[in-house]
Amino acid sequence: ELKVEQNPLFLSMQEGKNYTIYCNYSTTSDRLYWYRQDPGKSLESLFVLLSNGAVKQEGRLMASLDTKARLSTLHITAAVHDLSATYFCAVDRGNFNKFYFGSGTKLNVKP
Amino acid sequence: GAGVSQSPRYKVAKRGQDVALRCDPISGHVSLFWYQQALGQGPEFLTYFQNEAQLDKSGLPSDRFFAERPEGSVSTLKIQRTQQEDSAVYLCASSPSSRGTQYFGPGTRLTVL
Numbered sequence: 003e004l005k006v007e008q009n010p011l012f013l014s015m016q017e018g019k020n021y022t023i024y025c026n027y028s029t030t031s032d033r034l035y036w037y038r039q040d041p042g043k044s045l046e047s048l049f050v051l052l053s054n055g056a057v058k059q060e061g062r063l064m065a066s067l068d069t070k071a072r073l074s075t076l077h078i079t080a081a082v083h084d085l086s087a088t089y090f091c092a093v094d095r096g097n098f099n100k101f102y103f104g105s106g107t108k109l110n111v112k113p
Numbered sequence: 039g040a041g042v043s044q045s046p047r048y049k050v051a052k053r054g055q056d057v058a059l060r061c062d063p064i065s066g067h068v069s070l071f072w073y074q075q076a077l078g079q080g081p082e083f084l085t086y087f088q089n090e091a092q093l094d095k096s097g098l099p100s101d102r103f104f105a106e107r108p109e110g111s112v113s114t115l116k117i118q119r120t121q122q123e124d125s126a127v128y129l130c131a132s133s134p135s136s137r138g139t140q141y142f143g144p145g146t147r148l149t150v151l
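In the order they appear, the protein sequences are chains G and W. Counting from 3, one number per residue, gives the positions in the first sequence under this note's numbering. Counting from 39, one number per residue, gives the positions in the second sequence under this note's numbering.
In isolation and in its complexed conformation, chain G is listed as follows (with noise of 0.2 Å):
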């Protein structure tokens, strides 16, 4: 059974820092996703990474992907108040791609 660990789980930083949001996984998977949940909220996609090196970046979050750590990061640069949220990563293995999603990270930007 493939597993999926986020941390930290929780994260209170102030406005205009900078962090990173880990991801690991437990089995080989090429393509990782991240998502946005805000509360009481869908998942809304943010990136899909779909190879080894893989580097994808939106406004201030940028996300990374090294399968043969079976790693991904998501960095978060000069943070800001509407990116408060819970981000989860998701690793499928391959065709009928059922997600294995992360418990989530729940980001608390504080002005």
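One or more of the hints may lead you astray.
Example chain W residues on the side facing chain G (calculated, C-beta under 10 Å, incomplete) [stated by the list, open to error]:
hint : residue
1    : G41
2    : S69
3    : F71
4    : Q75
5    : P81
6    : S96
7    : L98
8    : F104
9    : V127
10   : S133
11   : S136
12   : Q140
13   : P144
In silico contact screen, one side only, chain G against chain W (beta carbon under 7 Å); selected entries [said to hold, decoys possible]:
hint : residue
14   : S44
15   : S47
16   : L63
17   : N99
From chain W, some residues computed to sit far from chain G (all C-beta separations above 12 Å) [to be verified]:
hint : residue
18   : V42
19   : R102
20   : P108
21   : S125
22   : L151
Don't read these hints as lab results, they were simulated from the structure. Don't be surprised by glycine CBs; every beta carbon is placed ideally from N, CA and C.
Fit chain W to the known structure of chain G by using the hints.
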């Protein structure tokens, strides 16, 4: 364009009642997924359809859970004889192919009293 829609958004059931949750995927999406999300947790896979075929139901927690997608578009997740442990948010997602980004609906929050 229209995203994935789910109804009802909220459902309160007495223990032992049957419930039916509906999902309308994005038009033309062949793949449809159901997930269960407990409070403070990530979504957990329940079942997967490709068109009308249910290809994976390994995540359904018991035989009280049943899903269908008879015409390859709208799907219904049915839970019979609901139990308190069934309380969760049930998310539906669709995808245009057999692999790739899944687009999630707003979910149905089920509370079993």
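Each hint, compared with the structure:
Among the interface hints, the one on W/G41 holds; its C-beta lies about 9 Å from the nearest C-beta in chain G, closer than the 10 Å criterion. Hint status for W/S69: holds, given a least beta-carbon distance of 8 Å to chain G, under 10 Å. At its closest, the beta carbon of W/F71 sits 7 Å from a beta carbon of chain G; the interface hint therefore holds under the 10 Å criterion. With its C-beta approaching chain G no nearer than about 9 Å, W/Q75 sits inside the 10 Å limit, and its interface hint holds.
The restraint placing W/P81 at the interface with chain G holds, with a minimum CB-CB distance near 5 Å, inside the 10 Å limit. Given the 10 Å rule on beta carbons, the hint for W/S96 holds: about 8 Å separates it from the nearest Cβ of chain G. Interface hint at W/L98: violated, since its Cβ lies 12 Å from the closest Cβ of chain G, which is beyond the 10 Å cut-off. Because the beta carbon of W/F104 sits about 18 Å from the nearest beta carbon in chain G, more than 10 Å, this interface hint is broken.
About 9 Å separates the beta-carbon of W/V127 from the nearest beta-carbon of chain G, less than 10 Å, and the hint is met. Taken as an interface hint, W/S133 checks out: its beta carbon lies about 8 Å from the nearest beta carbon of chain G, inside 10 Å. Taking 10 Å as the C-beta cut-off, the interface hint given for W/S136 holds, the closest approach to chain G being about 5 Å. Because the smallest distance between the Cβ of W/Q140 and any Cβ of chain G comes to about 6 Å, under 10 Å, the interface hint for this residue holds.
Taking 10 Å as the C-beta cut-off, the interface hint given for W/P144 holds, the closest approach to chain G being about 5 Å. Here the hint on G/S44 is kept, as its CB sits about 4 Å from the closest CB of chain W, short of 7 Å. About 5 Å separates the beta-carbon of G/S47 from the nearest beta-carbon of chain W, less than 7 Å, and the hint is met. Taking 7 Å as the C-beta cut-off, the interface hint given for G/L63 is violated, the closest approach to chain W being about 16 Å.
Because the beta carbon of G/N99 sits about 4 Å from the nearest beta carbon in chain W, less than 7 Å, this interface hint is met. Chain G draws W/V42 into its interface by the beta-carbon criterion, the shortest separation being 8 Å against a cut-off of 12 Å. Here W/R102 stays apart from chain G, with its beta-carbon at least about 21 Å from theirs, past the 12 Å limit. Distance to chain G confirms W/P108 as a non-interface residue, since its nearest Cβ pair spans about 20 Å, more than 12 Å.
The beta carbon of W/S125 sits about 16 Å from the closest Cβ of chain G, which is more than 12 Å, so the claim that it is off the interface holds. For W/L151, the requirement that its beta carbon stay farther than 12 Å from each beta carbon of chain G is met, with the minimum near 20 Å.
Taken one by one, the earlier hints fail for this structure at numbers 7, 8, 16 and 18, listed in ascending order.
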